[in-house]
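Asker: Taken in sequence, the protein lines are chains A, B, C and D. This note's numbering numbers the first residue of the first sequence as 4 and each following residue consecutively. This note's numbering numbers the first residue of the second sequence as 4 and each following residue consecutively. This note's numbering numbers the first residue of the third sequence as 4 and each following residue consecutively. This note's numbering numbers the first residue of the fourth sequence as 4 and each following residue consecutively.
Mixed in with the good hints there might be a few duds.
Identical chains share a label here; the pair holds if one copy fits it or two copies do between them.
Here are the simulated DSBU-like cross-link-like pairs (lysine-lysine), alpha carbons at most 30 Å apart as the crow flies [claimed, not checked]:
no.	residue 1	residue 2
1	K313	K259
2	K42	K166
3	K259	K222
4	K166	K222
5	K41	K259
6	K166	K259
7	K301	K222
8	K41	K301
9	K269	K166
10	K41	K269
11	K269	K42
12	K166	K313
FYI, nobody ran anything at the bench for these hints, they're computed from the structure.
In case you want the letters, here they are:
There are 4 protein chains.
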Amino acid sequence: MNFRSDNNAAIAPEILQALIDVNAAASARAYGDDEWSKKLDERFSEMFEHDVRVFTVASGTAANAIALASATPPWGAILCHREAHIERDECGAVEFFGGGPKLTLLDGANAKVTLAGVEAAVSNNWGDIHSPKLSALSISQATERGTVYAPEEVAALGALARKHGFAFHVDGARFGNAVAALGCAPADISWRAGVDLLSFGATKNGAMAAEAIVAFDPKFAEAIERRRKRAGHLMCKGRYPAAQLLAYVESGLWLKLAGRANDLAKRLGDAAEGYLSAPVQANQVFIIPGAENIARLKAASVEFYDWGAKGSGEARLVVSWNTSEVDVEAMRDLLASLR
Amino acid sequence: MNFRSDNNAAIAPEILQALIDVNAAASARAYGDDEWSKKLDERFSEMFEHDVRVFTVASGTAANAIALASATPPWGAILCHREAHIERDECGAVEFFGGGPKLTLLDGANAKVTLAGVEAAVSNNWGDIHSPKLSALSISQATERGTVYAPEEVAALGALARKHGFAFHVDGARFGNAVAALGCAPADISWRAGVDLLSFGATKNGAMAAEAIVAFDPKFAEAIERRRKRAGHLMCKGRYPAAQLLAYVESGLWLKLAGRANDLAKRLGDAAEGYLSAPVQANQVFIIPGAENIARLKAASVEFYDWGAKGSGEARLVVSWNTSEVDVEAMRDLLASLR
Amino acid sequence: MNFRSDNNAAIAPEILQALIDVNAAASARAYGDDEWSKKLDERFSEMFEHDVRVFTVASGTAANAIALASATPPWGAILCHREAHIERDECGAVEFFGGGPKLTLLDGANAKVTLAGVEAAVSNNWGDIHSPKLSALSISQATERGTVYAPEEVAALGALARKHGFAFHVDGARFGNAVAALGCAPADISWRAGVDLLSFGATKNGAMAAEAIVAFDPKFAEAIERRRKRAGHLMCKGRYPAAQLLAYVESGLWLKLAGRANDLAKRLGDAAEGYLSAPVQANQVFIIPGAENIARLKAASVEFYDWGAKGSGEARLVVSWNTSEVDVEAMRDLLASLR
Amino acid sequence: MNFRSDNNAAIAPEILQALIDVNAAASARAYGDDEWSKKLDERFSEMFEHDVRVFTVASGTAANAIALASATPPWGAILCHREAHIERDECGAVEFFGGGPKLTLLDGANAKVTLAGVEAAVSNNWGDIHSPKLSALSISQATERGTVYAPEEVAALGALARKHGFAFHVDGARFGNAVAALGCAPADISWRAGVDLLSFGATKNGAMAAEAIVAFDPKFAEAIERRRKRAGHLMCKGRYPAAQLLAYVESGLWLKLAGRANDLAKRLGDAAEGYLSAPVQANQVFIIPGAENIARLKAASVEFYDWGAKGSGEARLVVSWNTSEVDVEAMRDLLASLR
């Protein structure tokens, strides 16, 4: 049983079929000048109920780093949660793409940034030429702890970002899981809540390698395009990532896949009641059953990641779009047996 | 008729099938820890008759920039031809990845670097703390003018690079076309000729988005791995690029596809005899029939790039792995009519 | 009365005289090839009882950033205290010079890094390709809170750094104050304690603009030299910074000046007994008399910096090499009146 | 006899005196908040007959690199002469400060950029997303060959820069020599001719270590300030560089010193008539008397740099503000003897 990560999963059949279909054309112009790529802006603008620009890249790390580098000067600092993917899991990508900005780390339960956390960071910065210039706020939706921000929480952070002159970015590697969980419009937790830039993930939820930077303001476009090119993320055969993304959002496939994973995760969460280390709000389940129980799960051939500092006795279970019900039921039994 | 670039072509059926096959596994470990990715080093080591390390990335720009950044200090300078892809077509990717090294540009007929050109650049550098430190030599094989370096030419450049302490890199976006044209072993124009690092391209010759950095010395491995991760080029679903590359080299598919394109290009070249602006040695044809003839080709709905400075009356025609013989014959007629 | 910072003070007469003397030569070779610059390595090697290489730069920020960039890969992380100068006061210089490494922040009383703090950071890092690579430890001596590390504390940190493969750097903007306070040999809190690189400050203690990177291992030399040149910190008229540094260490001037400032700071500290916010161990005094008292000091025309977060009621008083005894006495009276 | 470089010369007595005078104040606020630093903008604005912002830095390399980095995106390219100091003598400083822009090199007699050279570079750039974005033009005044651009030449380049949307920068390490040679107003070869940013040098003409970035448009100010801080070029004891610059421009000292050097250089040039390799228009003399004569000069204990590629038989002689007439006469005799 593999609960390591949703990035272990295969590609959804609808997306594979889209790749097969788009391959029928013997040739297509390169670098986004093909018919599929050209549909992206329009299709996403409809979905977001707002004129947006969409830039495909090959990974979530690239999406986050290019977006943030385009909204922060090299002498800037980006506020984010201490557990953010950009801090812990991208080997300094933001610092690389941005010419050396800082990440200023915030505390907050369940990997969520709080208004007070932002204000404390502002107050702790000298605000002069010697200090990094606080210039952007980045949150993950869903978070690295599988939790989600409600639309009004995003909006409150957005308003605070605006007040301080920060760009507001959302790492949406699991944006679909968040939207499915909240049952809201994509707009409600993006531009309507003050978000400037969104890393819109598809890879973890059924695509092969397709992520999009969604810019809600065209002023970011030139920097994103140039940085993408320079980083080798402007694919010459642009029809393939475009086809993935079009199939992903077509007929709500993305929300169907994410919703299913969320539901199964909830079922795991119910079975782990009592030793959950974070509320189960999307497709991830964090448990802290202790080192002995962790070992027992491993002995049962469950694949997953230990979490927290070494020896913390904590674990993360991730449900993918294609995790089988059989595996979920078997895992529920195992989890129930740990209590 | 599309002779714009080999990157306009669809994916070869064998490679598409490999993607379909590899997708059958419901889950596979991420970030190169899957069974397909793990075969790459061995498979390429056989093919190169040398222990190599292989690092997949999503684009040739990334392959070149990560390889060169891993072999040059930020204060270094990389010698390359004035028409090199890294100079003209990658929007400064090497400078970005490498922390600001310089490219020192060399002249040479048919986009080929010469021994004398390298020596002149060495002689023109002060050689002190104030000058950029000449630290690497990069050539394209096949070149940006569709020519190829013979094994002994590569070896002579390799020996010169060694003498001056330069790392030696080959941009092999069209490496398959070069090997097919030369009829040599891949080793003959790589490590046996003193090459340290190779950008091994597959995308232009039938893959979707799969390039590999081949390191002939393991000392480069850590820097390449870290830079790849940081740049968002370590794909989480590593089985897909791996599957493309495995299918690409399986049973010599890469040489079959490249050889076919080369042959068709030769046929175009024959038809353009008299106004070729470079010898046709791989899958590209450079012609200089004058502005009027260029306009005539465009009027005939041929897609291609103008070449050289604005108004030069020069053009580039690229044959892809799947260019039809019908198109080639039609194009031959057009070319013959220009004389 | 100016207790803002020791960088507000004039130049010590001995150092000014050295500048006048060295100016007598109508010409001298540039870029460190003059007779004064050439004495630096030898003079510092004697002082440190170890073969060292000395690289002058124009500011402490440059010294720290060049030293750390030369000991950390761009994908590295440097452990330092949350209040470190490199984190709070240099506008991201280390990130700039180093190509985007991270600073990983440690807690610890009185701005001192602890062994436990280092171990916790190590334990909190995944230790894989996705995490920044922990690669250096940097401490300030004296610290940003005016405290000092005893030789055995430095040695314990040095041993821990070695164990984890970290380079060990000391920001010694106030190194003279630390040595004077500890009464130890410079070697005792540098190479003998495992320090690899030292930013040796002189500007805050009587020089005009002269700091030195001291490398205890020659392997760092090339990177430091190149980075210094590239950053515009290799002065063409090298005799002037060299003369400052030679005069500074001649006959122990540096320790005399630092010792005097330390002694006066202690006298201020005695007067502030009861509301000190850090022990007075060098030339800085941190007090937390509350917002009202802070306002009272300002009304008395005392110049100093508020400290901590906005409204913390804390202040920093710095004694310079040339602060007058009259001012110190007047300040003592004011401080005593706050109780 | 030392004709190596004007950066070998001592400090002018007026400037040394200014340092002594400014040191009389026991304390002064740091980081440019002192009374001398605060005079710079006004004093330079008068001199340039235009509202300017002045930013002192410690070296010409820093001035050039900070100015250009503030006027070019990382994906930009800066047009400059093939022999420019930023290309050959600063070890890639512009690339470092700017996050990896390119320098696009132009030909032109006597190290002068021409209108045709600029147009050719524009025409040679694809002008699309793949090409570096041509974004700035940088010239040296006086040039690396000791020549000067007349006001109308600067203005023509300025107009061309404007037309193409380039920022226009002047490397004025020897700006005083140019103004003295031309007998024009500083404005005539700066903002009136379309210059946006000037590296205003003083070190080579009598200062210790004082260069200024002069911004003719306030829009550059924030980037310059932040980059200066981050690079360690914001001196804490700002009164010392400020005092140097104030003394330097006071009563036209800079033009007096530069004019004297220019005049003496002319006298050397007259003696070298017939084997000059560039016209003598400022304080540098380029001769090409052949390898044997070069050796003869060295045997006569003349200090100077060989020039051009190795073995070119060319040499550079630089006259400093304090080169003695005795040395000039002796050198004239030597030069005359070479014919």
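Asker: Next step is simple, just say for each hint if it's right about the structure.
Answerer: Here's how the hints hold up against the structure:
1. K313 x K259: Classified as neither: same-chain Cα gap 36 Å, cross-chain 48 Å, threshold 30 Å.
2. K42 x K166: neither (35 Å within a copy, 35 Å between copies)
3. K259 x K222: Neither: 33 Å inside a chain and 46 Å across chains, both beyond 30 Å.
4. K166 x K222: both (19 Å within a copy, 23 Å between copies)
5. K41 x K259: within (25 Å within a copy, 33 Å between copies)
6. K166 x K259: neither (36 Å within a copy, 50 Å between copies)
7. K301 x K222: neither (49 Å within a copy, 35 Å between copies)
8. K41 x K301: between (47 Å within a copy, 23 Å between copies)
9. K269 x K166: neither (37 Å within a copy, 44 Å between copies)
10. K41 x K269: So K41 and K269 fail the 30 Å test inside a copy (38 Å) and across (35 Å) alike.
11. K269 x K42: Answer is neither; intra-copy 35 Å and inter-copy 37 Å both fail.
12. K166 x K313: between (39 Å within a copy, 18 Å between copies)
Against the hints set out earlier in the document, violations occur for numbers 1, 2, 3, 6, 7, 9, 10, 11.
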